[in-house]
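Using the supplied hints, reconstruct the complex from the two chains, each of which is provided in its own coordinate frame.
Here the protein sequences come in this chain order: A and B. Just so we're aligned, residue 216 is where the first sequence starts under our numbering, counting upward by one. Just so we're aligned, residue 88 is where the second sequence starts under our numbering, counting upward by one.
Just so you know, the hints here were simulated from the structure itself, not pulled from any lab data. Quantities reported herein were computed from a predicted structural model and do not represent experimental measurements. Each residue gets a CB set at the ideal place from its N, CA and C atoms; glycine is no exception. Treat the hints with caution; some may be incorrect.
[To be verified] The list that follows gives simulated cross-link-like pairs (lysine-lysine, DSBU-like), each with its CA atoms no further than 30 Å apart:
#	chain 1	residue 1	chain 2	residue 2
1	B	Lys-207	A	Lys-466
2	B	Lys-109	A	Lys-505
3	A	Lys-347	A	Lys-460
4	A	Lys-523	A	Lys-597
5	A	Lys-505	A	Lys-600
6	B	Lys-108	A	Lys-600
7	B	Lys-231	A	Lys-602
8	A	Lys-597	B	Lys-322
9	B	Lys-247	A	Lys-597
[As the list claims (entries may be wrong)] If you want the ones that stay clear, here's a sample from chain A, every Cβ over 10 Å from chain B, calculated:
#	residue
10	Ser-268
11	Leu-456
12	Val-479
13	Gly-524
14	Ser-653
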Amino acid sequence: MHEVNDYEFNGREKGSLQRGDQVQFAPTPSYGNALFWQRVRESLVYNYQLIKSSLDWTVWAYILIPLLLVVGYHYGQALNQTAQWPHFFNPISLGVILAFFCAAGKLRTYLHPADQLLLWQRRALIDTLIKKGRHLYFVKSIGATLLFFVLLFPVLKNYLGYTWLELVTLVIFVWLSKLAAAYLKQWFDFSWTMPVGLALKGILLVAGLVIFPLLLAYFKAAYFPGMIFLPLSCLVLGHWLLKRKPLPFEKACALEMDERLKYVRLLLAQTSWLGSPEYVHKKRSWLWSKPFIFRRSQALFKEMNERKGLMELTLKTFLRNITWLSLYFQLGSVATLGLILLPFWLKLILWLLVMAALSSVLKSYWISVLAHPYLNLFSWPKDQKYKAGQASLFWLMFPLGLYLSVLCGYLMLSVWGVGLMIPIGIGFMYLAANWHASSLPQ
Amino acid sequence: MSLLQVDIHQAGYAQEKGQIKKIRFAVYPGEQVGLIGPNGAGKSTTMKAIMGHLPYMEGQIRFGSGSFRYAYIPEQPVYYEELTLWEHLRLAASLCQLTEDELLERGEQLLRLFRLDHVKHQLPGSFSKGMQQKLMIVLALLTKPSLYIIDEPFVGLDPKAMHELNRLLDEELKRGAGILMSTHLLEAAERMCHRFVLLAQGEQVAAGTLDEIRQVSQRPEGSLYDCFETLLERKAYA
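Okay, chain B solo, but in the shape it has when bound (with noise of 0.2 Å):
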């Protein structure tokens, strides 16, 4: 049983400019899926079309049933300027219907581990880059969803913070979690996804496993990046 369905068939702002189009995946519980493509691909825009956020879609996309939540982690952090970062914390814990124990538990744990606890009750605006980046991956670990949706996950982060996530994520892999992450971090894609979808000028250029991408794009021990060069390059001709 998936978690997420995708099968958009066009999808944009407006009508007359669908910006994405032809793309289908799944994603299952337990697995990462790396949504990759250059610059103007449309990874982000595929994410908001996930999410509904897309004022123009023809398509379906299913979610898993049941007690299915997902949280997405955008690559411009995202808050109210007025609340503080506990605030934030506590309205995502009110709305994904959590208990206040959860809250205090996770909360303070997840604020320790990415050094956020001694600006807990300060504004968001007051923050670096990279600490508001921070504050979007512990919201997203915070409500403990069924898919996570992250785009860019690794932009701004210190060292320190980019293992604790990838530590966070593989935790939440096998607690039966399933991920959606679009990067430009090819080498670490391949390491972290099972499987990828390459999106090029709004269309899916190949899905499946590094082997399945291999021999699509004909470089058998080509690396992500590789076999990426070669598929990209045959759509240009095409």
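If we strip away everything but chain A, and leave its shape as in the complex, we get (with noise of 0.2 Å):
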């Protein structure tokens, strides 16, 4: 019987197998942890690779190194408490950033889907790569939680007036938060279809956006013990409801793949400006058999031609579409944080490039349905394309451009500033979606 090793079955190290060899797979312990580690190596060197091939000398000559020198020189100056910017950071603030912090992040499963022709006659081997991902991510965690407050100890120590047994009690319970978000969104990921999935990871974050502020507001150290008991009760519930959830193997493969992916489709979406063609990720299909709104296929306009049709299309499709949904959302949670904490003149400035990388969002959008193969299936006037397109980007910019207007105006110039950037970003958003209408094809 030829017993297959961690080394062999990889087939490289010690060469692979004969014609005429008895194969026993041996699911040991031993071979998950290879196993795992080959994963988290691979996918190391798969994102190196990706860095490499993206950023040459230039993009760190020009860029990185530029920033990293500025960042440097304002983390010693907030040091030395010589810098005026920290001045903006307060409870509420930075509870914000720290709920954003807790947010992010995921536990990884490193499962392929072609595992499914061999490990998963081999449970072992798969409870093993979870297993490992999650004790991962465990260590990550605590590293990127350091990395993060040693960023922020300037601010935590020398301007917001925290003690260190106060910053060790804030860096545990952060910890513990993210720890438990991670935990408490892979269950939502895996028990959940996606839209309720997302709705609930929303609930989360509203509920930390609100939990952290308030903790922070009336932060002593003292109350540490009560402080901890939430994040670790959510934790141990996360755990709990993690374990008792029998694995759904596809969607694990799915939301790994696209953990594994984000990068290059990050890459890919800013090709556009270098004169490719658009690049728009879909998620698998994750609608059920009836939409979420307009559930009887209601109109939304009367009329029936050219124009509206297409209009209804982009509108439609766009509120049905949670990966173009969700990237709105976000946009619009950035845009607010940085609206909230940036000083006076930085407020118009972030508008400004908010609403300009708002419009070239849409516009991209409005590429891909237009480039659908369905609009092939029969032959039609294409008179109205320009007019449709004008209309539809307007009105999808609408409602976050007004939102984002009124905001800046009102952090601005309070009731004056909502009445003066009203028109000012319908204005905007008029001009942006006419001339991102005429630049397309017609």
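As structure tokens, this is what we get:
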């Protein structure tokens, strides 16, 4: 009997199997460990190659190194208490930042779709991969939390007056919250359909956005045992729920694939700036048999013509597409955070940048809608594409654009600012929609 | 006056890679033309070239004049994942300038015929392949085009749907529409089509009625399959 050990199974280190060998796979714990570390290694190499191919010396020379120098300079100034910008931090803004930090990060399973060919039958190996993935996240989250607090240290110590004891308790509290959030998020992903899971994750984030500022506003190290109870109990609950849940293999693979390819997608999404075709990542269809809005196919417009048809297509598909919708809300959340935290004039610059980014993102969406092969199924006049594009882009921009204009105006000049920024915002959206629509191939 | 005149000198996905060449035929009102050939012969590429979806094309495609309109039924169903079946119909009707009444009357009738009426507010992603294929057929029939371009129409259809499709296409032929259909089912093609265009390795091997193809292949009593085999063998040895 030829026993296949870890190395032979890989077929690399000691050579591959010979024809006629009798094979007995041994799902030993050591093999599970080797498989796990091999996948971690592959993942690191993959990300390294990605970084190497996307960041050439010009990016380092002109963007990253100057950026690091500026950050280092400001960090030094904050350490010496000569910087002014940390005065913008208060318990509420800090709480918001910490809530977003805790919400970021995912437990990885390191499963591949092809695993169903072999690992499917050896559950012990899958369990090892998942368990090891959690252990790794445990260590990674400690590192990430420490690094994050090293960056925040001057602000917390010098400007917000935290004592060492308070700092240490806060680090432990944030680390446990980050772990608990990761466990609960994986349980949401595994147990619910995508929209429900996303909604639950949204609720978790909102809860964090409420709890963290409140806790920090009344923070005292003496409250530590009480404070620690909340994330710790969430962590135990998340762990228990995940342990009870049978592994949804396909879903776990799809989520792992999404996580593995997120940087590639980020890069590909930028390629349109180089004149290449627009890249739009499409997640696997998560939709149920009926849509969650306009469930009885209610029409948005009474008239039936090319322009209204294309507008209805664009608006409805956007409102029902979770990928684009979440991108829209993410842009809104980041912009809200930035507008609250940044100083006066930078708010206006950020508003301008976000509005430009929003119009650009929506233009990509419009292109993806028009490029769909469905529109090649019949010949149609195509003479209203410009007008339909213009109107669709404007109405898609409108809710977020108006909200950001109102927020920016209010934060800058209170009620007068709102009155000023609303017409400016609407004007900007109108011009951007016109400009983008006219730049599209007719 | 033809509905479609095809004169492709060379076409493909890139200039240096011309995948189809020397293809000439026409489709007239009330006529069904079968585009026939083995896998990889260039049937789908020819259809794409006709609809102008190929990046490289040398030659001419002429469509009928006036209110000419074509509809394409692809082999693989295409649909927006976020639109319901009825919204797909409404979108097609909007783009092809149908009225609300025409959409209601024709759309409901077609959905009933193809037994899709109970899922009209559902998303096609949740349908079986056959139901998705029926959606493609309903969309084409809804727009009442002058020319149907159909790629493997019977793939995934149940017998009743096949029968309904045949019947409706017959009605459309009587109305004066033309049909260009690619299929592997040679017996069905022989029964349904008036003329045939045989393709092999991206080139036209023969074109004409069954009698004309029998003459070219020198199989006076042969079926379409026999003639097709003979012509392919001859091309292989040429």
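Check each numbered hint from earlier against the structure, then list the numbers of those it violates in ascending order. 2, 6, 8, 9, 13
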